[in-house]
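Visitor: Sequence:
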Amino acid sequence: MAELYNAAAPKKATNLSINSDLLRKARELDINLSATLERALKEELSKHEAAQWVKENRAAIKSYNDFVEQHGCFGDEFREF
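When we follow full-length UniProt numbering, the leftmost residue of the sequence shown carries the number 1, and every step to the right adds one.
Just so you know, the hints here were simulated from the structure itself, not pulled from any lab data.
For lysine to any residue, the following SDA-like pairs were computed, each having C-alpha atoms within a straight-line distance of at most 25 Å: (1) K12 to L33; (2) K47 to L37; (3) K47 to Y5; (4) K42 to A13; (5) K47 to E3; (6) K42 to V54; (7) K11 to E44; (8) K25 to T36; (9) K12 to A2.
Computed spacing ranges between beta-carbons, pair by pair: (10) A8 to V54: 26 to 32 Å; (11) F81 to L16: 51 to 57 Å; (12) N19 to R79: 52 to 58 Å; (13) K25 to E69: 47 to 53 Å; (14) L23 to E69: 50 to 56 Å.
Ideal Cβ positions, reconstructed from N, Cα and C, are used throughout, including at glycine.
Kindly generate the complete structure, drawing on both the sequences and the hints.
Guide: Below, the structure is given as structure tokens:
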């Protein structure tokens, strides 16, 4: 599976607008804003990539599920549970 992004890419300064109280509380707790944002963005990117994969493979998934519904799973005759 391909990497979500280039983790070795250089950092880039940017400006953001966030809730002032949220920022104040995060700073009081010494929360690293850059690291927190990177984790959140990585998680969002992962969700979008997964959704895109499902969308692109929807027909194949349906076809497989239809096959299993009609013929059963490979090896069903050997299952003991």
